[in-house]
Structures are given as C-alpha cells and as structure tokens.
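Number of protein chains: 2
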Amino acid sequence: MTTTNKEDNFAEWYLDIVEKAGLSDKRYPIKGMNVWTPYGWRIMRQIDSYIREEFDATNHDEVCFPLLIPESQFAKEKEHIKGFDSEVYWVTHAGLDELDERLVIRPTSETAMYPMFALWIRSHQDLPLKTYQIVNTFRYETKQTRPFIRVREIHFFESHTCHTDYDDAQKQVDEDIEILARIAKKICLPYTLLVRTEWDKFPGAYYTVGIDTSMPNGRTLQMGSIHHYKTNFSEPYEITYEDKDGEHKFVHQTTYGMSERLVGALIGVHGDDQGLIIPPGIAPFQIVLIPIFKKDNQGLVMASVKEIEKVLTDAGFRVKLDDRDDRPGAKYYEWEMKGVPLRLELGGRDIENNVVSFFRRDSAEKGTIAIGNLVPGVKMLLDDISECMFNKANEIQKQRTADIDSLENIPEDKILRFGWCGCDECGHKFEDTTGFKILGRPYFKEEFKGKCIMCGKDVDAPAYAAHTM
Amino acid sequence: MTTTNKEDNFAEWYLDIVEKAGLSDKRYPIKGMNVWTPYGWRIMRQIDSYIREEFDATNHDEVCFPLLIPESQFAKEKEHIKGFDSEVYWVTHAGLDELDERLVIRPTSETAMYPMFALWIRSHQDLPLKTYQIVNTFRYETKQTRPFIRVREIHFFESHTCHTDYDDAQKQVDEDIEILARIAKKICLPYTLLVRTEWDKFPGAYYTVGIDTSMPNGRTLQMGSIHHYKTNFSEPYEITYEDKDGEHKFVHQTTYGMSERLVGALIGVHGDDQGLIIPPGIAPFQIVLIPIFKKDNQGLVMASVKEIEKVLTDAGFRVKLDDRDDRPGAKYYEWEMKGVPLRLELGGRDIENNVVSFFRRDSAEKGTIAIGNLVPGVKMLLDDISECMFNKANEIQKQRTADIDSLENIPEDKILRFGWCGCDECGHKFEDTTGFKILGRPYFKEEFKGKCIMCGKDVDAPAYAAHTM
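Taken in sequence, the protein lines are chains V and C.
Per the working numbering, residue 8 is the first one in the first sequence, and the count goes up by one each step.
Per the working numbering, residue 8 is the first one in the second sequence, and the count goes up by one each step.
Honestly, the hints are just simulated from the structure, not real lab data.
No false leads were slipped in.
It does not matter which identical chain is used: a pair holds within one copy or between any two.
Here are the simulated lysine-lysine pairs, DSSO-like style, with alpha carbons at most 30 Å apart: (1) K256 - K27; (2) K193 - K386; (3) K38 - K89; (4) K137 - K327; (5) K458 - K405; (6) K193 - K317; (7) K193 - K327; (8) K192 - K317.
Please work from the sequences and hints to get the whole structure.
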C-alpha cells in the first residue's frame, strides 16, 4: 500500500509510488538528475521498443547524433536560441584547456542535425528524409523537479523529417498523429491534440500540436508534441534540394517529440493506492507466476509452475516466475505495487482441478483458467485488462473536462472548454485573469458554437485551457 | 570497391569503408564527435542487443545513471581523478548562471554510480549487486581521431558489480571472461587477455585485464577491459555492508567495459577491398534478397521472392529484400560494400529449377539451395560463414604474433612475445628502447621458459608488446 492517498494528495502519492515500485532514485547528488533503477528502466525500454517498432515500420531511420553542439550552430535560428538560452548547460572547458568555442549540451537536436541534413540532402530523390533518435536531453529546470515529469536530464524520443513542400510535411504530421494513436492505445493513455497558441509554440516552429493528458490532480501533462517547421529552420541552416526542374528549394520540416513523461503519465493515470498498474502492452512482466506450496507438494508444484512458465514464455508473453522463499502474501504485495497486470497462482488444489488461479491487477477480479485453455485464456485476460484500462482512463479524462461560458465559478480542477476569438489580447487577458493556461484549439475540428469568453465575438471553434503540471 | 587497398594503406582504406558503407559521418562540426548514420547505428545496436542478452542472462540489471557528475564526487578516488582530469569535459554554466560546483561529463561511470551504491547496499543480502548500462561517454582526446577507434563521444557498455569479498569479485571476473568469449565468437573477433602493467592499469583498479585484437597494420586495438577494484573505490565512497556476524565491511568491486571499438575492430579484422564483411551473428541484414527480372516474368519473380522473404523472416533471419528499380550489378556492389554475409538471387531459371542462387560475401563462393531445403540451407551457410570468418581471423592473429629473444631485428608489424622479469625498470627500458608498448602478461597461464629480454633473469611467463592503434 502507498502511505498516501491518490485522491487526497496526488503529489505525495506519486513520489511514494516512484520509490516503492523501484522506478527511479532521486537521491543522486544533482537535483533533477535521477537514476533509472532497474524496474523503471525496464518500463522505459519497453516503451522505447514499441516506439522503435512504430517508426521503423513507417520507414524512419534510427540515427544517433552527438550530444554537444557548438554555440555558433546553436544560435543560427533566432527564435530557437531565444527559447532555449536560459535553460541549456554550457561546456566551457575540456581537460585543462578553455575551449575556443562554448558547447551546448543538447536540449533537443535541431541544431545538431540540421547542419548535417544540409550536407545529406542534394536532390528531390533524397526526400523525404525520415530519421529519429532516442537519446537523453538536458534542460536547466528552475521549477521544482519531479521524477519523469520535470527533470533536468530527460530521456527523449525525437523524429526529424524533411520534405519537398508544405503539403508533404503536413502528411507527415498526419502520419505522426496516427502513430501517436497506436502508442497511446498501447499505454492506455487518453490524450488531446491541441494546436498551441502563438506565444506557446515550440521556439522556431510554424505551428505546434501539443499532446496532453490529464492527471488525477486535474492538471494536464504535456507528454509530447508534433511540429510543422515549414522552412523556418531550413532557411538559416540552408537545407535545400534540387527539384525535378533543376530549381533549388528549401525543404519543409517536421519533428515529433515524446519523453519519459510517458512513464509519469502512466503512473498518474493508472496507479491506485495499492501501487502502479502497468498496461499489458508495455509491462516488463505481463504475468507474475507464484507457486503456492504446502509441506508435501513442493516438487510437484514447482514442476507444474515451471511448465506453465515455459508454455507462456514460448507463446511470447513476458513472464516472471517468483519462486523466492517468501510468503505468497509478501509477493502479492510487491507485485501489486510494481503493477504487474496479471498474477497467476498455482497450488495443490489448482493442480488437482487442472486450473490456474488468476488475479487481475486492474479490477482485483479473481478466477481460474483451465490449463487446457492457458494461452488463449491469458491472452484474452490481458487484452481485456488493456481495453478496460484504456476505457476507464478515457472516461475519467472526459469527466475532467468542463464547458464554461463565463469567468465565474470556474472549476479549478478541470480542463476548460470555451469560446475564444483567437486574438492575442483576449488570450493573454484570459490567462492573466484566471491563472489557467490556454492549451490551444483542437487539431481535429470539433462541433462548437459560442462566443469569445473575453470579447463576446461569435466563434465556431473552442479553445481549451488547464492548470498544467 | 574501395579506392584504397587494405594491405597497402590501412588507414585510408578504413576511412573509405566507413564512408562508403554508410557507417558514420565525420563532418559534424566537432572533431571526433561523429554522427551514427543509419547503417552504422544498426550494426552497433545489433551488438548492443547481444551484449544485453548475455548480461541479462547472467543476472545483471540494466540501469541508466546521469551523465553529469559533481566535481566533488568525481575527485574522491585520487588515482582515478589523476587519470582522468586532463581528458574530461567540464560544465561550468547553466542558462545564464555560473554553477556553484562544476560538473564533469562522464568519462566512465564509477564516480556517478558509487555514491548511490553506498545508499543501496546495506547487508550481505544485497550482494552481489550486478548492474550494467549502455551509454555514451566523453573524453577530450588530443590524439588524432578516427571513427569508432578514437573518438570524443564514445558509445560504451559498462558493467559494475559489488561483492562480499575478493574471491567473489574474482569469480565475477571469470564470468566476464566467459561472456567475452561468447561475444567475441558472435563478432568473429580473436582477442588476447593480458594483465596490464602497473603503469598502464585503469586509474584506481587493483588489476586490469586488457582485451586486445590485432589490426591489419599490425597494431593492436584495445576493445575492452575487465577490472578488479578490490576495495580501492569502496573505501573512498564508503560502500559497506553488514556481514552475517554484524560486522561492517567494504565491498569488493569489478567492472567490465567495451565500446564502439568493437565496430572498429570488425571493420578492420573482416573487411576487404570490396568493402565490409559483417559476421552473421550481428549483421543488421544477414541476407539480401535480389530478384532478377526478365521482361516477361516480373510478376512471377516478385511473387516468389516475397514468398522467400516471408519464409526466411518467419524463420527468424534478418532479411533485406532489395526490389528497387536498379541493375542487379549495382545492388551487388552496394550490398558487398555494406558487408551483408549472404546474398540470395532469384530469377526465372532459378524458379524453373526450384532453387535459389547464393553468393557468400566471405569467400565469394556461389551455388544454389533447393527451395525445399531453404531454411536449413540458409542456416547452414550462415553458420559456416561465421565459423570460417572466426577461424580465418584467428589464423591471421596467430601469424601476427612473433617470439623474440633479443632487441635486434624486431618485426615492427607484429605482436611481440618475450621474457620480462616484471620489474618496472626493465619494463620501462624495453618500452623506451623499442617504442613498443607492453600489453601485459597472459591472464591464463601460458607454457613459457625464457630470460628477461632486458636483464637476463630467468622467467617462466611471457609478456606481450605491440604498437597500439
């Protein structure tokens, strides 16, 4: 059990889970740079593997660019440097020498990659160029840090693509959104796709689509973002290609970024007072298998449980056999805390009855599976757990959204949906008055008729706002 | 074809292969920090996957520690800091602030991990602690850089273990050596295990075992090393445990490191003037499948070739179907340069005869496999390629070793085996006189009777020396 309650004190509960489930250790001597301990890293790597699968399948090539970026390259795109220069780490010395030019530790990799893209791309035949990398990035956070959610060393996925024109880049944004839908389903995470305001878009982007989920304290967490850069970077970095008619043109670019916040989101969205609940699709162990011994049947039970382990592993499930010399109750407690979605138990009576007993972490439901039906039975259960987790999370996210049409009695723990004419003045005034942050307008058009909550103008697309993590 | 010749000009040939096979791009604006381009990164990731498999199977837990290390932690072990302070990168500023304490970018992770190990380990029940990570490390190289072999950002594997006593740590060294044997076999790389001299051991180690292979220019390349630290780090970092009798003791530690030099080694050891030759065990594509069309049979050939792709992929092989609209000759050239171990071709005549034609990259041997025998036939060929590559490489390494018993007429392009009494004075004098570097004494005892090449004393264990990369 967590010592704190998710509903009453989300912040404490979250830290408690991170520690008790063994996800990360925040006692490292630099604040906000945490150690990925084995179990947390396993979860992250499962998510990384699935991300790789998706991006490989859509013909992106994985690359790995250097960590350090010369200041002169970093500064080429003016908005970008303005957005980042207060939050990057600077390398100024190497060995006993002062460097001729300062180096930035990447906060994101545009400025590392784009000088190389300019060398790689010559003609329209080199396009589209679709690459991605999974690396750590660094931001000098001044706000309070929190494991996975606000850290200074960030485990990061970033795809970078180059295209012949605006429309082809736009198609990439749409492909990214399809990929996101599959990833979110795998992790059972609801999300909204909102086109960020002009003052909140990524430094250098033409437009930014934020990917937000809502956390139990009513705040939203940005899990990732997708950007259309148009030619905003290709111009300063001179990334051009020769088209079919021999004309030289700037490429249009997109990026898609997601981070370890996916882990933070899955803790917050799915966990309960018994601990973590990990979606089967990315659980390091989908099944924990626990033998229940009596004095006289240890050999028989161990043989049967090993056979079950083999059958399930051969069928492709990720199985943990916990045959430590400890009470079953202590094992239940530990694996519930660690959020393994399905527990199977096998004792003498189960063997007599040709069944395995199961316990679902999501619903606490118990039952048995006939041994003859083991593999399809387990598959059905895991699929159902996944579906129930996703539906429940979506239902909760829906309940956390509220339509408002005036500034009075605004619910502080909801995502707000309201009319906004779109002008900067009304937007800033709304934010200043309410303390909420405008997350943007829906990427996919929503049915809406209303008036700007500030100036009263008629509007036919809503805006969303929330307190953010 | 490479434009240079491996035998005559190894250095040029090497750079030529790296570029033409698309392994890495050294035009990044910081010297020695290269871009992992897609094909090179695929090779590295195959090697990483196999390393993970081995260390997971021997109960090591994967972790990921922060990149940055506070200067005060870094400086705790005196030999270690002395060994590294001239070659680390220093972070001194973050955002617009100067940091209170300078941060080192990890050159290796002892000093990041050990303050945490001191928190994690309480009792003998926490031991052994066996962890590893795969990360990039950073060294400010002042010598000439060379892709994969001497770089400033180094893709790195490091395992770190803690044990109750010297002997248990020693057992870990032996396990590491067994793991190494399997990894080397997978990459078909010969190696020697030599206990480094006192003046050449890892800064802070009790002893260091160097893992060297020999390159075509006769120089040796250190691919990795295994260290017994005894309590040299656990004392300054205060990593203690309570033993069964309640007594507090320092842990004994080991580490095992390997780097992207494995890629450098495989290029140098296996490549030829047609390009790279990648061992089947870690080849991103083990098989390239090329359809040979005639005017009237395109549909039939494509259908058959896709069927073959499916059969081989389902059987677990890594297959690349190259169905681009290009001449077969151009494809042969490209995949030979990229070192794919087995090429399969399918044309109308092959289909008539119920066979697939093959070409072995290692021996240039051609032949056919009966379609009915496809999977076992391909498996046999790949196994044979692997075995032949390993045998050939070992044979060459043997030929590159020479016994000497005087300082006259020393062959400059060989690994030297000779008598050395073991004293520092004779060792340094040998190195100064010959320009060779003493690599150390065999970790596993070798039959030897001779005299110290410097002082003439009788010795019963040889030393090895070489020019190093």
